[in-house]
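Listed below, chain by chain, are the residues.
Number of protein chains: 2
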Amino acid sequence: MRSVYVAGIGITTFGRLEYPLAEIAAYPAMMAMKDAGLTDVEQVYVANMGGGRINHQTGLASAVVDTLSLTPAGAEVIENGPASGASALKQGVLAVGSGMYDVVLVTGAERMREVNNLDATDFIATLTHPLSEYVYGVTLPAHAAMFTRLYMAKYGVTERHLAMVAVKNQNQAMANEFAHLQQNITIEGILDSPEAMTNNPYVAEPLRFFDCCPVSDGGACLMLVSEDAMAGVDRPWVRLAGVGQATDSHAVAERADPTELTAVRLAAERSFAMAGCGPADVDVAELHDAFTILEIAESEEAGFFGKGEGHLALEQGETALGGSLPINVSGGLKGRGHPVGATGIAQAHEIVTQLRHEAGARQVDDAAIGFTCNFGGFGNNVVCLTFVRER
Amino acid sequence: MRSVYVAGIGITTFGRLEYPLAEIAAYPAMMAMKDAGLTDVEQVYVANMGGGRINHQTGLASAVVDTLSLTPAGAEVIENGPASGASALKQGVLAVGSGMYDVVLVTGAERMREVNNLDATDFIATLTHPLSEYVYGVTLPAHAAMFTRLYMAKYGVTERHLAMVAVKNQNQAMANEFAHLQQNITIEGILDSPEAMTNNPYVAEPLRFFDCCPVSDGGACLMLVSEDAMAGVDRPWVRLAGVGQATDSHAVAERADPTELTAVRLAAERSFAMAGCGPADVDVAELHDAFTILEIAESEEAGFFGKGEGHLALEQGETALGGSLPINVSGGLKGRGHPVGATGIAQAHEIVTQLRHEAGARQVDDAAIGFTCNFGGFGNNVVCLTFVRER
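One line per chain: the protein sequences are A and B, in this order.
The numbering used here puts the first residue of the first sequence at 1, with every later residue one more than the last.
The numbering used here puts the first residue of the second sequence at 1001, with every later residue one more than the last.
None of these hints come from the bench; they were simulated from the model.
Where a beta carbon is used, it is the ideal one built from N, C-alpha and C, also for glycine.
Hints are all accurate, no fakes.
Covered, in the sense of this in silico footprint (three residues per stretch, anywhere, with C-beta under 8 Å from a C-beta of chain B), are these stretches of chain A:
{"no.": "1", "region": "44 to 53"}
{"no.": "2", "region": "65 to 73"}
{"no.": "3", "region": "94 to 100"}
{"no.": "4", "region": "260 to 273"}
Construct the entire structure; sequences and hints are all you get.
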């Protein structure tokens, strides 16, 4: 397979956006074309989950390619729940890697705030097992809460560890102009003060309000190109070197040990194997912290820390900016927001920004290898990507 | 890019199915695995349009891969409106062609009869332009009716020609055990008799009831494999040799001449160029006759007949079984039915069946090269495939 490079990137502000879904996908794509200085796009992938249900729009890829004046380029929507973004990047790698296309846009978008938070939560819950989970009222916060309880019992994770992730990521978001949340929080304010139970109530015990990512609108795009096309681009050479994916039982209750995120472990292994490196080589990572517990668990399953030791590394500041492996310096899903179709691409956007050394106040020194984990379902379909700066 | 072969195929009966959406996708995939004698699947693509809205199910690919006990294989949903099926086959070609995967299932499914016909029509209309078409109440039958009027005025197509397509395809469906409609019709019964206006009322003048495909549930699957994997399969060697795609303006009114289906012409040209053959080499074709007029127009744009001459070829029986180019001997969308995500794969299923010479009463003699046209939006995103029997 041919090598695949990131020629351009783009992203919208995350939060509440007042323009149509197709434009949320198109705007970062225009930024990516401008960034790369390339417009002869042959294929557009659009990562999106809620168009049909939330926005009453299907055939979104056709709308986007037309909005961008890129017809007759090919175009498809890729859906893999919250991992739609990284799945779309995977298709982009196959499209360029196969030799069929040289210049491919992979853009992701979601316009979730068209409905209220309860409807958004119900919509996201439609990715659970339709017959053994969804019909009984399980939501993603409920899944995450049950997972957290098991993790607390087995590994000694506490609510304080969860709050440390929330504080770290939400405060990092203030160094990211595109992030949804721009509000400084402290452990004192969300956990230890008399007001904490009011400021930070339980959503699904033991998960509190500040343990859950916000519901966001947003879009993000990467332009993926062949080596020949990259030769004409005046940007650092960042290669999308590793793509790893794995699925797990759709119903969480069917897993032998629900505290094991087997799909994360396998997807990370596959991504590293393809890229020819390992977790110890990674300088900066974006993990899928839709709930604070997930950052801790994924940091273990991806191989950065031993199983059950992620919260200890967090305590020691290893995952903060300046630590041995900064995680979610962009703010993560927690701080940047989580427009589901865009998230996997926003993670990649951050990694490319870091590997280009253009991340400003949140730059990880000398970052050369970056990693993303995009977590679909409740761990039933995970895509991990490894990026390498070549020059 | 590596060559890609069809190792196995499967299809459900089209019509009303009483089992869940994920099983409608999984059942033909099991048939395809059995047909090929291969189960070590590495990747599953699921073509689907309505899961999120009609069936309240997202992350469908994760459900399907689990239903098939194929975890940890990769899995994504591909959506491109009514051309989702052929778009998913395109991703399968990239996946195998790139060298990343050797054995890929591409299955398509739709469970549309969970809602009534009016809701289904409204849902399909969400693929039109959201700001210049959908909000004004345009539906696909309305688009097709306006297109038909222009075609009638410009080329002399009559309601009788439309009825000839309906009769040809719906009666062919009776030779296809998987087809939705199993009811013989005649020109007399649907056009010339006193009862015709009752039996066959206008849906969107000049299109009548029998000019429109039914709303169907159904699933279809192809297993795509590399040459190495095909060597272990005891089935005829049918190669998916050509993939062509093109988009056009999302809003039909923006086209310079709305009677020109530019995306069909380009997609067909690209598919033939990749396969190294041309329209004159094709022995059997499946065109996207969601409305009878589309079979006529696509038969011209794909290069089988001159522009404006498709209805003359139809009159002369050239597109009937036994004619120079049999079109939709499966019954087409009109007779077999149109579960949107499954349709492009069902078309391919028919072509592979024909090239294997296993089509029984509807077999086209000595078929060696076959062609499909899967028409998304109202011609805004079209995917054409060319299949070649090698041995």
